[in-house]
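Asker: Protein chains in written order, with the numbering used here: chain A, 92 to 427; chain B, 4 to 278.
There could be a bad hint or two in this list.
Pairwise CB distance ranges (calculated) [as the list claims (entries may be wrong)]:
| id | chain 1 | residue 1 | chain 2 | residue 2 | range |
| --- | --- | --- | --- | --- | --- |
| 1 | A | D203 | B | I45 | 24 to 32 Å |
| 2 | A | R247 | B | L194 | 29 to 37 Å |
| 3 | B | L35 | A | G133 | 51 to 59 Å |
These are computed hints drawn from the structure, not numbers from a lab. In this text, a Cβ means the ideal position worked out from N, Cα and C, and glycines have one as well.
One-letter residues, chain by chain:
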Amino acid sequence: MDVIQVEGLTRHFSYFEKAPGLWGSLRSVFARQHQIRRAVEGVTFAVREGEIVAFLGPNGAGKTTTLKMLAGIMHPSAGDARVLGHVPWARPKDFRMRIGVVMGQRSQLWPDLPALDTFELNRAIYEIDRRRFTRTLDELVALFALEGLLAIPVRRLSLGERMKLEIAAALLHDPAVLFLDEPTIGLDLLSQRAIRELIKQLNERRRTTVMLTSHHLSDVETLCGRAIVINHGRIAYDGPLARINETLGTRKTVTLIFSEPVARTALQGYGPVRAEGHPTATSHATEVLSVTFEVDRTAVRDVSRRALAELPVADLTIEEVPLEDGMARLYERARG
Amino acid sequence: MSARVADRAGKYLRCFRLGLQDALTHRASLLLSPLGAVAPIILQVVLWNRVYAAGAAGDTLFGFTRDEMLAYAVVANLLSRLVRTGFEYELYEDIKSGGLDRMLVQPIGYFGLRIARFAGGKLADTAVTGLCLAGSLVVLVSRTSIGARLAVLPAFALALILALCLNFLIFWCVGLLGFWLTETGFLFEALRVVIVTASGGIFPLSVLGRRAEAVLALLPFRFTIQFPTEVLCGRIAPGPALAGLALSAAWTLILAALAGRLWRSGLRRFAAVGS
Numbered sequence: 092m093d094v095i096q097v098e099g100l101t102r103h104f105s106y107f108e109k110a111p112g113l114w115g116s117l118r119s120v121f122a123r124q125h126q127i128r129r130a131v132e133g134v135t136f137a138v139r140e141g142e143i144v145a146f147l148g149p150n151g152a153g154k155t156t157t158l159k160m161l162a163g164i165m166h167p168s169a170g171d172a173r174v175l176g177h178v179p180w181a182r183p184k185d186f187r188m189r190i191g192v193v194m195g196q197r198s199q200l201w202p203d204l205p206a207l208d209t210f211e212l213n214r215a216i217y218e219i220d221r222r223r224f225t226r227t228l229d230e231l232v233a234l235f236a237l238e239g240l241l242a243i244p245v246r247r248l249s250l251g252e253r254m255k256l257e258i259a260a261a262l263l264h265d266p267a268v269l270f271l272d273e274p275t276i277g278l279d280l281l282s283q284r285a286i287r288e289l290i291k292q293l294n295e296r297r298r299t300t301v302m303l304t305s306h307h308l309s310d311v312e313t314l315c316g317r318a319i320v321i322n323h324g325r326i327a328y329d330g331p332l333a334r335i336n337e338t339l340g341t342r343k344t345v346t347l348i349f350s351e352p353v354a355r356t357a358l359q360g361y362g363p364v365r366a367e368g369h370p371t372a373t374s375h376a377t378e379v380l381s382v383t384f385e386v387d388r389t390a391v392r393d394v395s396r397r398a399l400a401e402l403p404v405a406d407l408t409i410e411e412v413p414l415e416d417g418m419a420r421l422y423e424r425a426r427g
Numbered sequence: 004m005s006a007r008v009a010d011r012a013g014k015y016l017r018c019f020r021l022g023l024q025d026a027l028t029h030r031a032s033l034l035l036s037p038l039g040a041v042a043p044i045i046l047q048v049v050l051w052n053r054v055y056a057a058g059a060a061g062d063t064l065f066g067f068t069r070d071e072m073l074a075y076a077v078v079a080n081l082l083s084r085l086v087r088t089g090f091e092y093e094l095y096e097d098i099k100s101g102g103l104d105r106m107l108v109q110p111i112g113y114f115g116l117r118i119a120r121f122a123g124g125k126l127a128d129t130a131v132t133g134l135c136l137a138g139s140l141v142v143l144v145s146r147t148s149i150g151a152r153l154a155v156l157p158a159f160a161l162a163l164i165l166a167l168c169l170n171f172l173i174f175w176c177v178g179l180l181g182f183w184l185t186e187t188g189f190l191f192e193a194l195r196v197v198i199v200t201a202s203g204g205i206f207p208l209s210v211l212g213r214r215a216e217a218v219l220a221l222l223p224f225r226f227t228i229q230f231p232t233e234v235l236c237g238r239i240a241p242g243p244a245l246a247g248l249a250l251s252a253a254w255t256l257i258l259a260a261l262a263g264r265l266w267r268s269g270l271r272r273f274a275a276v277g278s
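Could you put together the complete structure from these sequences and hints?
Answerer: This is how it looks when you write it as structure tokens:
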């Protein structure tokens with residue numbers, strides 16, 4: 092069953108341009124050049140119940156704007172959307188009772204009070220009965236390892252601890268759909284991993300539908316089977332994450348490690364060099380000890396055979412182009 | 004009371020409690036609160052004493068005798084503190100930095116949430132200011148020729164409640180300007196000073212001259228400080244006091260309607276423009 096349905100969603104903003112400097116500022120007081128920015132342009136997709144979908148794209152691509160429209164915070168300029176059967180921006184109470192929203196840079200926790208106080212407030216706001224609240228809280232404390240954090244004023248906690256509590260606060264009412272905007276922003280690697288694990292377990296145990304935006308591809312690789320890549324307000328890709336590179340083209344990397352230094356001139360004609368290793372810090376202009384080529388999938392066999400025949404190869408590795416590269420290319424492609 | 008009403012009341016009661024708890028965590032601010040209430044009063048008392056001492060004894064100034072002016076300075080200062088808001092900055096920040104986003108997605112009214120939180124946060128300070136007001140009245144009645152009569156207390160209580168509502172609504176409307184004036188946070192401070200002055204919170208409006216006083220009489224601000232102060236100090240006869248209360252109530256209704264309109268239209272703009 093589709094819990095999120097989006098059809099031609101569009102959001103335009105008007106803004107004004109201002110020339111730099113004091114003169115520009117003075118001029119802008121009297122005359123402003125209004126412009127239109129097309130933040131989201133005819134976006135269409137659907138999300139099934141229990142899916143975790145990554146919403147990816149470079150800064151300013153339209154991810155947060157789309158998420159805001161789906162959470163009911165912002166009205167679209169055109170198009171339609173249904174979340175749990177509701178028009179989000181009408182914000183009916185039943186809709187608000189069944190969604191959870193975490194915005195990585197905007198806390199809902201009261202900074203000077205322990206998180207438990209905010210949790211109690213949420214219990215009242217979402218009209219959760221005491222027994223259900225206690226049961227859910229116990230579950231979240233165990234799942235998120237929150238023992239010992241609930242009674243400390245939020246201001247005193249680390250960013251990672253705060254984010255765990257932030258997500259827990261958004262889950263107390265057991266939302267059917269969870270919108271996470273940059274849930275791992277600013278977190279260290281361990282905290283990022285902990286948050287990812289949490290989201291994964293949450294989805295497995297409660298079948299919560301999760302839609303998240305992130306710049307950390309590791310978030311996406313761990314959690315999401317499906318990615319929607321948006322750029323310049325349009326969908327550039329919608330499908331399994333693993334197939335982003337496939338869709339983009341048929342390129343692989345061939346890494347060669349040599350048994351002795353090889354002259355750079357001997358490496359011509361194999362393909363674009365992605366990386367190379369040098370015998371000494373000063374010799375990189377002329378010789379290399381290892382090299383990684385990016386080659387077309389159909390040419391991998393020929394390149395490998397030729398390298399083995401012509402060069403002193405000690406080791407040869409063939410790999411997929413990293414996801415980051417695929418994403419970067421996707422962003423570039425959408426720009427062009 | 005139905006369960007639904009109880010649930011709804013419970014939300015705002017919890018906000019109120021959290022506002023109070025939050026205020027209680029700021030111990031230094033709480034301990035310094037009486038000092039903050041008393042210091043400006045001392046300054047004004049010294050100032051007006053000097054002003055009256057410079058003139059002939061028994062003279063009235065701006066329509067006030069020395070005792071009346073001292074009583075006005077003390078009560079108006081305390082009332083100004085009692086009705087003071089301060090949430091307009093939070094409201095402005097919520098709109099500007101997008102904090103409003105996370106509140107809009109929750110099943111609770113933003114206005115109710117803010118008012119409950121504000122009332123809870125203000126309770127401790129209100130208790131301190133209320134005590135200062137009671138103490139000041141005792142001193143004024145015993146040490147000056149001002150005779151605060153018990154008969155004025157019901158009218159004062161009503162005037163004070165209306166003043167609290169009115170001032171809340173005035174500054175709520177000021178805060179809502181954040182929907183349109185996203186680049187001018189400093190404006191609020193300027194507006195606050197103007198509004199407090201126009202309310203008679205710094206000195207009686209007669210100090211500004213007859214013409215200014217006549218203009219300000221047409222606006223709602225004087226009902227937040229000057230009017231309840233004059234009711235308490237017995238400077239207004241029962242008839243005009245009743246008329247003042249009715250006018251104050253009318254202004255409260257007008258401001259409530261304006262606040263509702265600004266909120267709806269601001270929210271439409273927020274939903275259209277974003278934070």
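Asker: Does each hint fit the structure? Answer for all of them.
Answerer: Cross-check of the supplied hints:
1. A/D203 to B/I45: 24 to 32 Å: holds, 31 Å
2. A/R247 to B/L194: 29 to 37 Å: holds, 36 Å
3. B/L35 to A/G133: 51 to 59 Å: With Cβ atoms ~57 Å apart, the hint holds.
Going through the hint list in order, the structure satisfies each hint without exception.
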